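Assemble the whole structure, with the sequences as input and the hints as a guide.
As numbered in this note's numbering, the sequence shown has no gaps in its residue numbers, which increase by one up to the final residue, 543.
Read the hints as simulated data drawn from the structure, not as lab findings. All values derive from a computational prediction rather than experimental measurement. Hints are supplied without guarantee of correctness; some may be wrong.
Unchecked claim - Computed list of lysine to aspartate or glutamate pairs in DMTMM-like fashion (alpha-carbon distance at most 20 angstroms, straight line):
{"no.": "1", "residue 1": "K101", "residue 2": "D70"}
{"no.": "2", "residue 1": "K51", "residue 2": "E81"}
{"no.": "3", "residue 1": "K101", "residue 2": "E81"}
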Amino acid sequence: MKAPARFLVLEDNGGDAALLKKQLVSEWPDCQVLRIATEAGFFAALKKGGFDLIISDYRLPDIGGLDALKLSREHRPEVPFLFFSGTLGDDVAVESLKAGALDYVLKDRPARLIPAIQRALKEAEQAAFRKRVDEQLKKSTLALTESIHQHEVLEAKLKQTNEDLLRKNKEIQNFYHTLSHELKTPLTSAREFISIVIDGIAGPLNPKQLEYLGVARESCNQLRACINDLIDATRIETGKLRLDIKPTALAPLLHKITLAMSRSAEAKNIRIIEDLQADLPKIPLDQHRIIQVVTNLLNNAIKYTPREGVITLEAAELPSRPEVVRISVRDNGRGIPKEEQDHIFDHLYQIKAGDATTEQGIGLGLFLCRELVELHGGTIAVESEPGKGSTFSFELPRNRESLKTNILIVDDDPDLLETLPLLLTPELFNVRTARDGLEALEQMRQQPVDIVLLDLSMPAFNGSSTLKALRQDWPGVPVIIHTALSDGDVMKDALVCSPFTLLAKPSTPEQILETIRRVQRATDTVHWQRNHFGLPKPAF
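Given below as structure tokens:
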């Protein structure tokens with residue numbers, strides 16, 4: 004959000020106007036503040052324009068606050084408008100918001116003004132962006148319609164193009180089917196017959212013949228790996244790849260991989276050192292896919308580590324992030340140029356130097372590593388310096404619960420506290436409940452919360468008091484007010500604390516779930532990662 008340059012202030016009280024200007028300039032030193040006190044001056048300023056925000060008192064001598072709002076909506080609908088007034092009843096506040104004001108701030112709460120302005124400017128910026136997109140879409144749609152109207156032949160061409168795309172898509176699917184069956188089956192047979200000849204079953208061979216057949220068998224292995232990568236990449240991109248998640252002891256699994264890779268390492272006199280935390284817990288993973296990831300990383304390390312080199316396979320919990328286990332493959336090979344590291348996990352990306360040089364293969368190995376790790380809810384990264392080697396590390400959550408959104412329901416209705424967890428838990432939410440505000444605050448001190456569903460009417464410590472306390476210690480937590488109250492002091496106090504949204508009681512299960520989903524999607528990613536040990540926020 005860019006800093007506002009000009010404010011239009013409609014205020015008849017000189018002292019209030021001076022204090023308001025001081026507050027604005029303190030936050031945005033380069034801004035200009037134009038104060039207007041009359042309807043005529045306000046109208047003239049609106050016609051001239053050039054303002055980022057309009058701030059208006061509600062009670063003025065010759066124009067009412069709602070009239071000023073109406074004028075601004077008629078002449079400058081794109082400029083956000085908020086009230087800064089001494090008094091504003093609940094009914095008036097609701098009416099002003101319905102009429103187009105983005106917010107209102109009471110003069111006896113000046114600390115709320117700057118956050119309200121920032122939010123209003125951000126919403127206006129987003130609205131302007133959506134408007135530009137809508138206008139562009141309308142223009143594009145109109146241009147397409149006119150083009151179709153002027154050139155009737157275009158419709159036939161589009162139809163033909165669509166048919167061609169469908170046919171080509173089917174051809175691609177058939178191609179992968181061919182790779183999977185028609186190529187893989189004879190390739191496997193060829194490799195097995197080569198192995199039979201190498202083993203001497205078909206008769207004795209001289210050393211040169213054995214050497215050539217060894218090259219042929221290795222070529223079969225490489226081709227098989229390429230085919231498998233293509234098939235896996237297609238499954239991932241079409242959403243057809245499914246993980247078989249089971250609790251797995253990590254150290255034995257990694258040791259098994261090391262043994263399988265030892266022959267390749269020994270061929271170059273490379274040592275693979277295991278540094279595996281002894282008491283690693285079982286974690287949920289797909290064994291086949293994690294073997295695929297670690298094997299790929301070790302293969303790369305062996306390929307680009309010089310003879311007599313050292314590769315270290317590490318696995319350990321992170322003291323600073325207890326819900327995460329990190330697995331690393333470190334080598335003392337060539338290293339990767341800095342400019343290549345940001346793209347090394349991209350689809351079909353191949354580089355020409357460093358540890359990940361794709362002299363063989365089709366550029367899918369590290370892409371598949373990233374995709375498979377992220378399907379587990381983890382992250383993968385590389386640290387490297389040319390000439391000093393590389394470290395590929397990926398982190399996996401110790402449990403799948405770490406990926407669930409944590410919801411705290413605060414309500415004194417026992418039926419609601421019983422039914423809402425039944426509704427939300429199957430939708431992959433972690434649900435906790437509290438019967439009043441004091442219990443809710445204590446729970447939030449013990450465990451992180453992503454979303455709060457808060458009733459206002461509670462006997463011990465009501466919702467507005469809870470929200471005030473919550474905003475002091477957890478300002479970033481989105482709060483959904485879930486209440487039957489539509490006005491009164493409790494609602495007024497709650498609105499001052501800027502809840503995320505309101506949900507009126509009674510609500511259907513579908514309304515509750517959709518509201519929570521909407522808030523979930525809008526939750527700040529930094530806030531999510533802070534609560535979930537840096538894990539990537541899932542796409543909801």
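Each hint, compared with the structure:
no.	hint	in the structure
1	K101 <-> D70	holds (14 angstroms)
2	K51 <-> E81	holds (14 angstroms)
3	K101 <-> E81	holds (16 angstroms)
Checked against the numbered hints above, the structure violates none of them.
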